[in-house]
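K.L.:
For reference, the chains in residue letters:
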Amino acid sequence: MTEDCATCPANASLAQMGVDVSNFDYLIALAGNPNTGKSTVFNALTGLRQHTGNWPGKTVTRAEGGYQFQNKRYKLVDLPGTYSLLSASQDEEIARNFILFGQPDCTVVVNDATCLERNLNLVLQVLEITDRAVVVVNLMDEARRKDIAVDVRALARELGVPVVAAAARSGEGLGDILAAVRDVVTGQASVQPKRVQAHPALESAIRDLLPLIEQAAPGLPNPRWVALRLLDGDLRIRQALLSGELSEIAARQRQAVRGFSRKIALQGAQ
Amino acid sequence: MTNNATPAERLLAQADLLRQALPGDFRDTLVQTLYHEAESMAEKAVQQGGRKRWDWDSTVDRLLTSPIFGLPLMLAILSLIFWLTIAGANVPSAMLAEGFFWVEAQGVALFTSLGIPWWITGFLWDGVFRGLGWVISVMLPPMAIFFPLFTFLEDLGYLPRVAFNMDWLFKKAGAHGKQSLTMAMGFGCNAAGIIATRVIDSPRERLIAILTNNFVPCNGRFPTLIMLATVFVAASFPPALTSVIAAGSVVTVVVIGIIFTLVISGVLSRTVLRGEASAFSLELPPFRRPNLRQILYTSLIDRTIFVLWRAIQTAAPAGAAIWLLANIYVGDTSLAWHVANALQPLGNLVGLDGVILLAYIIAIPANEIVVPTMMMMYLGVGMMTDMPAYSEMHTMLVGQYGWTTLTAVNLMLFSLLHNPCATTIMTMWKETRSLKWTTLGALGPLVIAFAVTFLVAVVARAFGLG
Amino acid sequence: MDNVVLGVVIVGSIGAIWVVLPRIGALALWRRWRDDRERHLAEDALKFIHAREWRGGRPATLEGLAGALGLPSRRVVFLAKRLETRGLIRSAAGGFRLTIEGERLALSVIRAHRLWERFLVDEARMPLADVHAEAERREHDADAAKLDALETLLGHPTVDPHGDPIPTGRGELARVESRPLTDWPTGQPAQIVHLEDEPPALFAQIAAEGLRPGQIVRVVEATPERLTLSDGGKTFALAPVLAANIFVAEAPAAGETVSRRLTALRRGETALVGALDQGLQGFTRRRLLDLGLTPGARITAELPSMLGDPVAYRVRGTLIALRRDQAEQVLINEAEPASQGV
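Residue numbers (my numbering), protein chains in the order written: chain A, 1 to 270; chain B, 1001 to 1466; chain C, 2001 to 2342.
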């Protein structure tokens, strides 16, 4: 989405989700568990003062904002805080659909450093859908108070995506987030997201479906995840498959890759 | 599969077949695998030091959610907030009112000296401007105190604890424990409270929460309650106690509202919305030190100014309408008094009067302007250029218009229970998309309000009161 | 006078037109009502015959059918004839048997019934004792596409809330071997696989006891008057009539060690989550799993509220309040004492 194009299919579907499509170079989604300081990160990056109190489920509407970093305009969309993307409650569906169909250039997953185990569950689920992600370990100040140390480099090795430590409340680590997001959207960061091996019976069912998915929607970036959703009987994904929405995503993905390599080629020629 | 099936259809058929072959609990195992992986990653990356400082959050938590102290503490915190609001808002309110009426007097004088016709002057200054002045001076100071305090509790993480403490009551009523969260939002604005019901997953319980949110007095109704509590209930106590008694009576009204919420929820879930309480899980997020700058910003800019702006938008036209009603004469009585007199028998029946009912009709767009409307009617436009002090108000209402304690009590009850404002009704419609439920949500409370005030009036009169 | 005549004529002709109107006319409505009733009766009859065949033994007789449907035998004869001409049943030695077509139809009605029961328990949260009657009403609208959507919504359940398998869309019905509890040896662990929902009065008693399919129980004592069961925590005393309506099978080996429920955990105690009760399905089950209540997770009871319901538990670093009904459905194992109090 490097060029402004309000009528491109990608932008048309964004407009359907109520995202203002004008004037930005990159689209960033902000996901995370409830009460991880996600809104603080959002406010710190965009300068907006979106208020959300400290109670579960408070983000009932999706907030949007923008920021500029090194002459590029980023649009940031704050998704509802969820523990998972599996049980398909209203807020989980909104978050899941945006990450899948909204095709953000990068998904930032905000985590609470004091209960990382619970938060990583969501990170792993996001990484099943997209590989362009940045993991933010927020509330580092709170963790220090509780004498908890988080080794973000070890975590980055495990997850295969950039991991940034932050304390958004005091502004700590914000610059690192911006840089990490830039590296992911421009392809400078190497991402090799961790994909969790399911138990053998499920894994073999997934393997059986993969070739069929390749036929139905060639070039899909996340066929494993789609296979899982189909086995789980996810209505929305079934629909998207039958209506051709999924193959559209695949087509867009290919386009993006081609456009991207063209850009690199031009840069190399200079 | 058939040959003419598309690749997508073949894929779906295959997925269905494979699913049946999978063990029945494969979803459980899937989540388990994810958490297991997350666990082992966290183990590698996280180190818990041995240094353990005093853990203030769990101590506070134990106190706030204590089976014994939880509910009394909640009431105490609520009372403290109202006391701070009432005690703190008194003086600035009076000062603001004085300022506005001074400006109004100057404006009228200027217009008169310019030779502008009396009806233009009256319409603009005594109608539109006075309406604005009233609303701002009555609403701004209490809101500027109430909202930051409330936002502080919200950001701290206290609201889920309230839901936790009150859950057993909601369970008995067949409702969802998170309904108290939506009620807490309703203190600010009922429309916001209704939007907040989205946190409730079960449609039945969500509908109950939507239909009963009105029984939490929103910020637009607090000025009415505060004024009545100060002028009537607290008037007979020594001045030093005034604000304490006033706060106590407002808390009593809020508690009555909570009781009504529970009773009506219980009735709904045993009749039209029959069903058991659904599964309930509520996270109690860790306490977080609220950011004071953020609190001031959001509570003053986002909430106070937002609510005030809405009030101003309705107050100006309402002020104009009242002025017109009060100054168009049919025979030797103004239109306003014609209507008020027509409503008098009904008002009398429920221990109120015609003027109050008229004020509530005019205030359908926004409850904030009930008191100003009443005052303007009673005072008669143009007769006074000064807002009466609370003590004068008492003398006037009791002496000239025959108000009694019954009138005040019933007005507080009516204000608590009556129909939601237009914005709230619109929000109900948007959230339910059902004419039936919106109508019930709009008219049900009105019927209840009339029934309750009628009963109170009958009982009070039987005992020779009122 | 003329006006009156004219009025009568107008009203009369409007009435006459309404009677014969094609789709909304009185005749058409009556005919539809009669057809629906016929169809419902036919479907109920097929269901009954299927149930007899499924259990094995003698085929359904005319008298049995009349009793089950609550019809005089004269009408049942008529009904049976119609079903036979439609090729759904055939007469066999001493009764009726389903044809292949008849079995297909019976299974689709059973599928609708069991899916609706699942829906009513999981999503509408109706009491287990009431769902059978409601599902009886809903089962006859068995539009295949609608049922598939319902099945997907429910997450493709395999058994209904009574423990009976749900036929697949292709008409396959899994067979679960089971015996009535009265035939089960004392002392041997058994898993409840089916609760008979007819007659409703008996079933309501079983449901009120809190017995659910999937539960693992043991017969502690059997006397002619009374059967005493234990699920490890609670004991149940049942009259033999009730016990005969509870069907059990061999308990899976692992299930035996899990016996306590989360409600048994006292303040400050820690345990490991063992499993979620099989009676807990649908959205609630998924939600609890997503919140981290997966087998093996450490769980500590931290804050009881007024009257002890709900209780806030700490799981994976977060406090989560659960009502007693949900905590009752979480099975726990003892935590190894060494790591207690982290």
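Be aware that one or more of the hints could be misleading.
Stated by the list, open to error - No farther apart than 35 Å at their CA atoms in a straight line, the calculated lysine-lysine pairs in the DSBU-like style are these:
1) Lys1430/B to Lys1171/B
2) Lys1172/B to Lys2081/C
3) Lys194/A to Lys146/A
4) Lys1430/B to Lys2146/C
As the list claims (entries may be wrong) - Take a look, some chain B residues computed to stay more than 10 Å from chain A by CB distance:
5) Asp1016
6) Arg1019
7) Val1031
8) Phe1100
It is worth saying that the hints were derived from the structure and are not from the lab. C-beta: ideal position from N, C-alpha, C; glycine also.
K.L.:
Which hint numbers does the structure go against, in order from smallest to largest?
P.N.:
Result: hints 2, 5, 6 and 7 break, sorted rising.
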